[in-house]
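Q: For reference, the chains in residue letters:
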Amino acid sequence: MTWITGIGTISAIGWDVASNYRSLLEGKDGIGYTQYIDTYHKMTLPVGEVKWSNEELISFLSLDNRDIYSRTELLAIKAAKEAHDHAGLGGVKDRTRIALISGTSVGGMDLSERYYKGYELEGKGELVSKFRKHGCYKHTESTAKALNIQGISTTISTACSSAANAIIYGARLIEAGLADIVIAGGVDPLSKFTINGFNSLKILDTEPTRPFDDSRVGLNLAEGAGYVVLESEQSMKQRGVQPLGRLLGYANTCDAYHQTASSPEGKGAVLAMSNALKMAGVIPAEVDYVNVHGTGTQNNDLSEGTALKTVFEGKVPSFSSTKSYTGHTLGASGGIEAAYSLLAINNGVVYPNLRFKTSITDLGLVPQQQVEYKTVNVVLSNSFGFGGNNTSLVFGK
Amino acid sequence: MEGIIHHWFLENKMQVQHVYIGSSSCVSVQETFDNPQWFENIRPLTAESMKALAPDYKKFLDPMATRRMSKVLKNSLLTAKQAMEHQGITELDAVITATAWGCQEDTTKFLDSFESMGEELLSPTSFIQSTHNTIGGLIAMSVKCNGYNNTLSHDFMSFETALLDAVLLMKENDAPMNCYVGGIDELTDFSAGIFEKAKCFDGNHTITEAAISFIFHNDAKQHKSAALTNITLTHTLDQTIIELINKNKPDLILSSSAVNASVPVFDYRMLCGEFSTAAAFGLFLAGELLTKEVTKTALGLELKSLQKIAIINTYTEGRCSYLEVSAC
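As you go down the protein sequences, you meet chains A and B in turn.
Taken in order, the first sequence gives residues 1 to 397; the numbers are from this note's numbering.
Taken in order, the second sequence gives residues 1001 to 1328; the numbers are from this note's numbering.
Where hints are given, some of them may not hold.
Think about it this way: if two alpha-carbon atoms lie no more than 27 Å apart in a straight line, the pair counts; the simulated DSS-like pairs of lysine-lysine are [to be verified]:
(1) B:Lys1171 / A:Lys117
(2) A:Lys145 / B:Lys1197
(3) B:Lys1071 / A:Lys117
(4) A:Lys278 / B:Lys1171
(5) A:Lys278 / A:Lys309
Which residues of chain A face chain B? A few of them, derived with a C-beta cut under 10 Å, are [unchecked claim]:
(6) Gly32
(7) Thr34
(8) Tyr36
(9) His41
(10) Ile68
(11) Gly107
(12) Ser129
(13) Phe131
(14) Gln150
(15) Pro208
(16) Thr253
(17) Asp255
(18) Phe386
No wet-lab data here; the hints were simulated from the structure.
Each residue gets a CB set at the ideal place from its N, CA and C atoms; glycine is no exception.
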């Protein structure tokens, strides 16, 4: 049995878990124009940017300001530290029993892209060192160092399902007895690379995104980090800490249909959701809330909606896309949304899907439209990505 | 940072089942692809960096379907298909890919496109093919595998932690599984320049690339070239690893590090060069040594009997891995 004993987030809607939660209840999104990315699209494509600068993050984290940090590293350390402190891991003496598994799609791309052209033109020796932060693993090792985590560390890069897959990997380490505690989640920074990439696919909205609305045209790209602390029952009891919830089940499947598009029937999504529920020993009717992937693209929402109707046999429970608040944080989204799922369970609340007006014609699905307090025992959280990577997690009380 | 973090004897602790290496396929700087006798003609690695020998793609892959694919995608797809063919299987239950640097060619191509042409009217192809999980997605698509799909990207520990993922997955599922595990890294002119100048590697080996595909399974009745008998992840090549060596008594150690034990050590990076998932070549070579008696003679290894081989990797700062495979 894997328990969750801590959460940490940083996103466009807040510096920490408490402020993220406040924004969710107040219906306050974090979508706006970028302050930090020097892109042609800075006044036309709104994004979900973390409001604090790298300098502010470095200062808050008391890092050596003579070093160079990717934004990826800074966001990861900030959120992982919050989860670490929330779970009271500072008191854990045997640091080798704590593992760190993190997901990211672009790693240190925010730094690499800044120096790429200069390097290509001049090949300056000093610019070379900037690329040392490019690797996906860099932020994981930096976070492990900052938090003195001495257990297994690895990094997962499955695009938008990276953090959710990191949580699965972490849970398996605990089940196998290879760690007592795992900090698991993910991070991604905004970058010119991803803004232009998603723009070239013509799936970015020039307005704040409208997930699951018939008029939706695309997503808002975003950044952030989200981590949960997974812990074995024995360790939790020994430390005398209270859990926030349990990871009841999980499934990672592949749509195997197209590199960027989901299959019309959502084959991989159906398998991910139904296998995760099966593992959790939960029947669809027992799910109180679904935190959908809900990017706000034509393709995802139609495919995911179709899959929801299949899995829940037409009786889809309360669901919403919190990407209507945060934007799509890519590899971080599964970690941030895992934290939101646990907040839903602990506070007995479900969040609205902002800016919804009209159901998608072929689906007729209506997402949650206002904050509603109710008993939330089971939450299903979806993270679907490029490459057909589909992951569903089931959290319980 | 010292001490053991993960010390796991598959034989002792994982009583559920054994994990076997079935068939493999390897594109590298040696003539390993589609050539069982590759070791009879070893190419010396003398340059600072060297690309892999390109297979005759059109002989194996549909040129139309693969025309937009980068080298790393073609090599991955090709070796995955060939490993499956050699194993005599047409379906996979899981696809697990290890790649530290992912799809470099497409990444730099996309960077180039917006740096040189501006940020309008860009073609999405190179962006689509730039993510690390493009490889795993492609393999899954090519064989219609809806099962588990993961991509590990942790520097020199990418391959070892991918192997661990495969083992944990098999442990979770009681049924027999065929699990693809690939160790894949691509070298481009740009990345070669960065690696050379930034001294990402140790400087003692030629910087190279490879795509190495394995079929791992847990079915004793299927074809198997070796059994995976130990994965240990620690921080340094210290007493813990030495004790492990003294206890398990491998006949040979494949490593580029100095190992203070009375077991012969062969630096396999002299053959495959240096790339972040080179441990996959170590495992490939171990399989060859355990199944083909002539390999060790060709490589100049004067050893009588080879039953157990360890692969030790210490390249990521503060991380050390010990893999062990046994004849079966």
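Q: Indicate, hint by hint, whether the structure satisfies it.
A: Against the structure, the hints come out as follows:
A C-alpha spacing of about 47 Å is found between Lys1171 of chain B and Lys117 of chain A, which places the hinted pair above 27 Å, so the restraint is violated. Taking the CA atoms of Lys145 of chain A and Lys1197 of chain B, the gap is near 25 Å; set against the 27 Å cutoff, the hint holds. The hinted pair formed by Lys1071 of chain B and Lys117 of chain A meets the criterion: a straight-line CA distance of about 23 Å does not exceed 27 Å. Under the criterion of a C-alpha separation no larger than 27 Å, the hint pairing Lys278 of chain A with Lys1171 of chain B is consistent with the structure, at around 18 Å.
Under the criterion of a C-alpha separation no larger than 27 Å, the hint pairing Lys278 of chain A with Lys309 of chain A is consistent with the structure, at around 17 Å. Taken as an interface hint, Gly32 of chain A does not check out: its beta carbon lies about 19 Å from the nearest beta carbon of chain B, beyond 10 Å. Using the Cβ-Cβ criterion of 10 Å, the hint placing Thr34 of chain A at the interface with chain B is not satisfied: the shortest such distance is roughly 13 Å. Using the Cβ-Cβ criterion of 10 Å, the hint placing Tyr36 of chain A at the interface with chain B is not satisfied: the shortest such distance is roughly 16 Å.
With a least beta-carbon distance of about 6 Å to chain B, the hint placing His41 of chain A at the interface is held under the 10 Å criterion. A least Cβ separation of about 13 Å between Ile68 of chain A and chain B goes past the 10 Å threshold, and the interface hint is therefore violated. Here the hint on Gly107 of chain A is kept, as its CB sits about 8 Å from the closest CB of chain B, short of 10 Å. With 10 Å as the threshold, the beta carbon of Ser129 of chain A comes within range of chain B, its nearest partner Cβ sitting at about 6 Å, so the hint holds.
For Phe131 of chain A, the shortest C-beta to C-beta distance to chain B is roughly 5 Å, which falls under 10 Å, so the interface hint holds. Look at Gln150 of chain A: its Cβ gets to within about 6 Å of chain B, closer than 10 Å, so that hint holds up. Because the closest C-beta pair between Pro208 of chain A and chain B is about 21 Å apart, greater than 10 Å, the hint is violated. A hinted interface residue such as Thr253 of chain A counts as satisfied when its beta carbon comes closer than 10 Å to some beta carbon of chain B; here the least separation is about 6 Å, so the hint holds.
Interface hint at Asp255 of chain A: satisfied, since its Cβ lies 7 Å from the closest Cβ of chain B, which is below the 10 Å cut-off. Hint on Phe386 of chain A holds. Least Cβ distance to chain B is approximately 6 Å, under the 10 Å limit.
Of the hints listed earlier, those the structure fails to meet are numbers 1, 6, 7, 8, 10 and 15, in rising order.
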